[in-house]
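Trainee: Chains as they are written, first to last, in this note's numbering: chain A, 112 to 640; chain B, 20 to 402.
If you're looking for bench data, these hints aren't it; they were derived computationally from the structure. Since the structure is predicted, the reported quantities are computational estimates derived from the model, not experimental observations. Each hint should be verified, as a subset may be incorrect.
[As the list claims (entries may be wrong)] Pair ranges (Cβ atoms, derived):
(1) Ala587/A - Gln191/B: 48 to 54 Å
(2) Gly230/A - Thr90/B: 43 to 49 Å
(3) Pro387/A - Pro363/B: 55 to 61 Å
(4) Trp631/A - Arg301/B: 56 to 62 Å
(5) Arg381/A - Thr90/B: 34 to 40 Å
(6) Glu133/B - Trp631/A: 17 to 23 Å
(7) Ala457/A - Thr244/B: 45 to 51 Å
(8) Ser80/B - Tyr440/A: 27 to 33 Å
(9) Gly470/A - Ser223/B: 32 to 38 Å
[Said to hold, decoys possible] Simulated crosslink set (BS3-like; lysine-lysine; CA at most 30 Å straight-line):
(10) Lys289/B - Lys467/A
(11) Lys294/B - Lys467/A
(12) Lys514/A - Lys502/A
For glycine and all other residues, C-beta sits at the position ideal for the given N, C-alpha and C.
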Amino acid sequence: MLSDLNRQRRLVAIMLPLLALAALTGCKPQGTSSQASSSQVIGEGANGPGGYGDQGASDFDPIAVNGTIFQDWPQPKVAIVITGEQHGYLEPCGCSGLENQKGGLRRRHTLLEQLREKGWPLVALDVGGQVRRFGLQEEIKYDSSIRALEAMGYAAVGLGPDDLRLPPERLLSTAANLDESSPLRLVSANVGLFGFDDSLPPAGYRVVEAGGVRIGVTSVLGAEYQQRVQSDEVELGDAAEHIEQVLPTLREEADMLILLSHATPEESRRLAEQFPDFDVVATAGGAEEPPREPETLNDGKTWLVEMGHKGMYAAVIGLFNDEEHWRRYQRVPLDSRFQNSEVIQALFREYQQRLKTEGFDGLGLTPVVHPRSQEGGDPTLGTFVGSASCKECHPTAYGIWSKAGHAHATETLTKIDPPRQFDPECISCHATGWNPQEYVPYETGFVGIEETPELVANGCENCHGPGKAHVDAETAKDDRVQMNKLRQMMQLTSATAEAMVCVRCHDHDNSPEFNFEQYWRKIEHHGKR
Amino acid sequence: MKTSLLIAGCVVLGLGFGIGLAMSQFGISSGYDNQRAVGTATPNEHPPQAYVENPTYDFGSMEVDTTLQHTFVIENRGGSDLLLRSGGTTCKCTMSELDEERVPPGESTEIKLEWKAQTSGPRFRQTATIITNDAHNGEITLTVEGDVRFSMQAYPQGEIVFATLHAHEEAQQEVDLYASLMEGLEVTGYTLSRPELSEYLAISYVPLPADQLDPEKGKSAVRITIAITPEQQLGNFRTVLTLETNHPERPQFDLVLRGNVDRGITIFGKDWLEKYELLDMRTVPRASGASHELTIWLRGPARENARLEVVSCEPEFVEATLGTPEPTSNGSAVRVPLQIVIPPNTEPTIRLGNDGGGYGNVVIDTHDEELGQIRIPLRFAVK
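Next up, chain B with everything else stripped away, as it sits in the complex:
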C-alpha cells in the first residue's frame, strides 16, 4: 500500500515537474508568467485590473522626419496595486521611462510613445508592450500608427528599372514627381551620375495637368519621361538621375535608373546551370544513355532575326535536335525546344571540365551577325 502511494506520488510529482518545465521553457506553447515578470504577487480576492481605453492611436498623416508623441493612460480598475513594467518597443519607437511602476486601485498612470516618421513605406505602425500583474491582461500592447508623407515623392516609387532592353530598341518609362504641399512644382534641369549615358537617354519633363493630378499624392506634379535607346555594350547599367526643382526644401530629387541590355537569347531547363552556363548531365549510365530537354528563348529583335541551326556537337556521339519555334501567347518571346541526347551504349567518356577532359559542346548558329553563335557546354561522364 505504502509502495503504491509512493509510486503514485512520484508520478504526480514528475508530471507536475515536467509540465512546469515545459511551461517555463517552451518558446511556442507556453504562456508568459506575468507573476514572474513584475515581481511576486500574492493571490488575493481583489486583484488588479489594467484598463486602457484606447490602446491604438492614429497620428494620421505625418511629414517624413517629423516627431510626434501620444500619451496613453493605463487605469487600475481593480482592488489591489497594479504593477507595470516595460516589455519593450518595436525598434523604431521610444517609450517613456517605466522601470517598474505601482498603480494603486482607482488611480492611473501615463505612458508616452514617441515616433519619428522614418519608414520605408507610406504606412507605419509601431507598438510598445507593457507587462502587468493583471492575471487577465498580462500584456498590454500600445500602438501608434499613421501615414508618412514626403515633401516630394515619385510615383511609381522605387528605382526606374528597364528590366529587358535590347540593342537599338527604344524603351520608355514615365514617372510622376509630386510635391505633397506645394503648388506649381517645376523641374528646371537634370544631371546624370554617369554623364556618358546621356548618349542613350532622352529625358523630358512637363507639368502634370490639373485634371490628371491625384490629390491624395500632392498638390502639383511633373511628369518625367525617360526614353532609352541602348547599344549592346551598355550591359547592366545604373545611373542616378538628379532632377533640379524649384521646391525650397528639395531643390534636388534623385531617381535611380537601372537596366540591362542583353542579346535576347536565354537558355533554361532542368540541370541548366545558369551561373556556369552549362548543362550538367552528370553521370550517364552507358546502357541507357540520357536525354535532356532545354528551351532557348529568343526575345527582342532575336525573335525575328535568329534562325537557329545546330552546326556541331562534340563529342560526335552527342545528338542535338531543335524543335519548332513557338511564339509565347503575348508574342514577347519565341521558344525553341532543344533536345540533347547521349545515346545508349556510348563508349565510356569523361567530360567533367578542365581536370576531367574538358566539357562537351553543342554549337548552334543564329545566322545573325550580331547575335553570333550559341555555345552549350555539356558536363557528363558516361560510365
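So that you can see chain A by itself, here it is in the shape it has in the complex:
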C-alpha cells in the first residue's frame, strides 16, 4: 500500500513537471521567450505608463476592430518594419479615449520589441515626416522623435517637408548628438542640408544587413513636397536624377532595394516604375488609413506601400525561405493591443521637461490679441477674468460647470504621467484663454497655475468669450445700452456652440466620440441662472 502510494507520488512528481514543460513548450511555438510578453498584450488596453485617466477599463477589443496580425506567418529570415508621416503625433492621435485610437511611439517600440523577442531579424526604416508645424516646440519634438527612433533601433530615417522647414542646423545638431554606437542615419538621395556634402547628414543611401539579407535603402523628397521647403540653406535635387546616382552602388552592395519616397503616391508610383530595381517603395502622401495590401507594380516585382498618417500604422514586410510565399505583407495597426514602452515613456518625460524648461515664452509663444479686441477696438473686450467672476450672477450655470469635466481640465493634465500642463498642444484646450487650434495664448490668457490661478480649467470664457468688459459693465451699472450689448455678446446659442465652438477642442483627433447632444446634457445651462 505504502509502495503504491509512493509510486503514485512519484508518478505525480514526474507528470507535473512534464505537464508544465509541455504546456510551456506549447506556449512558445516559435521557441522564444517573447511569447510570454506577447501573451500579455491583448485586452490590457493602454493603461500602462502615460495612460490617461479617462480611458479606464472598457470592453474595447482592438483585435476585433482592427483585425489580427501576422496570421500564418512562419519565422521570417528578415522582417522590415517601415513607418512614416508621424506628423507630430508622438502619442496616439488625440488625447481622449486613447484605447480606441491608434499610433504612438510607445506602442511602436513594443511592437518592435515583441518581434525581436520572437527572434525575427529586424530592419526598421522611416519615411520621415516627424513633425508638421514650425517652431521651437517642433524642434524639440523632432529631436525627441529621432532619439525615440534611435532607441527603437531604426537604421534609416528619411526627411519630410515639415522636417525640412525646421532650421537645418537643428537637424544637423540632432544627428550630431546621436550615440556613437547608434545605427540610425538620416538618409536622403536628393536633400542636402547646407548643400550636398558627403561629410554631413543625410547620407545618400544606406545598406544594412539582417538575417543574412543585405538591404539597400535610399530616400527622396518628391517634387510637390519640395515646394513646401522654401529655404536657401536646404538644397533639393530632382528625385529621379539623384536615385540614378546612388542606384549603381545599391545594386552592387545589396540583395534587396527599398526606396523611402516622401512624395505623393502618384510620384512614388512613377519612380517605382522608372526604377524597377526597387523591391519596395514606401510612400507618403496617401490616405490617413493605408490599404491592407500593398499595390503591386512592375509585374509584381515591386510593392508600393502607403504609410498612412499620424504614425497610426506600421508596415511590416517579411522575407521567407519559401519559394511560393517568399514575402508577406502585414499592415500593423498600432492599437491598444500593444502596451506602452517604458523606454519611450522615459523619453516623453524628458520631452515634457524640456517644454517646461523653455516655458511658453521660451517656446516663442507670443500671446495674440483676441479677435473681439481686434474687431471692437477695445482691449477689454478680449480680456479674460476667470470663471469665478461669473459665479455671482450665474450661480446655477457656475454650479453645473464646476461639477463637470471642464472644471478639472487643467488638473487632469497635472495628474498624468508625464504631466502635460507645460505642453502648449495640451494646455490650449485645458486652460482658459488660449486659441485651441493654434496652440497660442491670447493676451491675458492662462500663463501658469501659479501665475494665473483664476484661469485654471476650461472656463466659461472659452465658449462665451472674454468677460472683462461684460463684468465691468454689470458692476458699474451706469450704461444700460452698453450692458445689453455686452450681454448679447456673451450669449451663445446651442446651435452656434455645436457648429463652431465645441469642435475647436472636441475635434476628431481629440474627442472622436464627441456627440453634441450627449455631451451638452452633461453641462446644460441656460441664461442668467
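Assemble the complex: chain A is given as a structure, and chain B must be docked to it using the hints.
Mentor: Coordinates of chain B only, in the frame set by chain A:
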C-alpha cells in the same frame, strides 16, 4: 507500460493546452477565433460562405464637410446560416447597426457606411470590419475612399514658414490661393493678427493668369506674395494673415505666417547641449586630458561679416583653437571648426555649474558690432 502511456498523455495534453493558450492570447501570432466572435457554430458539411462583390467603394471627389454614404451587400453563398457582427470602424466612419445578423443561405444583407469629409489631407480611406462565421472569410473589410476638395485651398498647403531669417535680409514666399469651383476669385484686402508686424511685411496679390492655373486645383486663383525684411528683435514670430475674398462661402481665408530671425551663428557638435548652450566635457581624466570638436556655423550676413578670434579661455589651462573657415557646397553657410582641449596632467579642477565652481568659458569675438561675442560655457571636472 501504464506509466509510459500516462506520461505520453500528459505531454500531449500539455502541448495542446499550451498551444491553445498561445493561440488564444498572443497579440501577434494568433489567428482570430471567428467561432468565438459570432457565437457557437457547429461544424457542418455545408458551411456558410460570405461574399461581397465590391468591398471597396470610391466616392471620387467630395467637398469638405459633406456627407456621403454607400451601401455594401454581403451575400451568403454557402449552405448554412451566415452570422455577421460588427468588428468596428476606423474612427471617422460610421456603420449601420449590426448587432448580430443571421443571413440564410442564398440571401443577402445590406451594410451602410457613412463618411463625413473631414480629413487632414486630400486623400481619405476609411474601413469597417465585419466578423463572420465563414471559416475562410472570418473578417470582411469594407472600404470607402476618395478625395476631399475644399472650396478654397492654398498651395503649398500648411503654414507659411520663413525658417531662417536674418536681420535686414529680405525673404519672399509665394502662395497660390485656389477656388475649387468658382471663377474670378479675388482678394480684396487683408489683416494681420499682429498688426505691428506690418512694419516688416509687404503683402501683394494678383490673379493667377489662366495659362498658369492648375485645373486640378481649381477654376481660379490668386497669387499671394509675402515679403519680409525683419529686424533682429523680431525673434521667433507668428501671425495670422487673414485674406478678404469675394468668395461667397469663404469671405475670409487664414494663412499662418511663422518664422525665426536669428543672428546666424549656431554651434553644434558632440556633447554640445543645445538646450543649455554649453559643452558638457564631463569627467576628464587628469592623465589623458580631453579634446572636443565643435563646429561654429555662420549663416546669412554672418558669413561675410564675422571674423572669429578666440579672445579668452577660462580657466587658463583650457586651449581653444579655431580652424580654417570652409563654405558649404551651396554657399549658404560657412563652418568653422573649433577644438577645445584640456591638456593632460592638468590640476584637478571642478567646473560643474553653480554648485560646483561655475562653468569654464571660451570667448570668441566676431569683430562685428551687431554679432557681438560668442560665449561657450564648459562643464567639466578634471580628476
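Trainee: Does each hint hold? Answer for all of them.
Mentor: Taking the hints in turn, this is what the structure says about them:
Between alanine 587/A and glutamine 191/B the beta carbon distance is about 50 Å. The supplied range of 48 to 54 Å therefore holds. Distance hint check: the CB atoms of glycine 230/A and threonine 90/B are about 46 Å apart, consistent with the given range 43 to 49 Å. Distance hint check for proline 387/A and proline 363/B: the Cβ-Cβ separation is about 58 Å, which falls inside the suggested range of 55 to 61 Å. Checked against the given bound of 56 to 62 Å, the beta carbons of tryptophan 631/A and arginine 301/B, roughly 58 Å apart, stay inside it.
In this structure the hint that arginine 381/A and threonine 90/B lie 34 to 40 Å apart at CB holds, the actual value being about 35 Å. Between glutamate 133/B and tryptophan 631/A the C-beta distance comes to about 22 Å, which sits within the given range of 17 to 23 Å. Range check, alanine 457/A to threonine 244/B: Cβ separation about 46 Å, and the 45 to 51 Å hint holds. The beta-carbon spacing between serine 80/B and tyrosine 440/A, approximately 29 Å, falls within the hinted interval of 27 to 33 Å.
Here the CB-CB span from glycine 470/A to serine 223/B is close to 37 Å, well matched to the stated 32 to 38 Å. Between the alpha carbons of lysine 289/B and lysine 467/A the distance comes to roughly 24 Å, so the proposed pair stays at or under 30 Å and holds. The straight-line distance between the Cα atoms of lysine 294/B and lysine 467/A is roughly 12 Å, inside the 30 Å bound, and the hint therefore holds. For a cut-off of 30 Å, the pair hint linking lysine 514/A to lysine 502/A stands: about 13 Å separates their Cα positions.
Violated hints for the displayed structure: none, as all numbered hints are satisfied.
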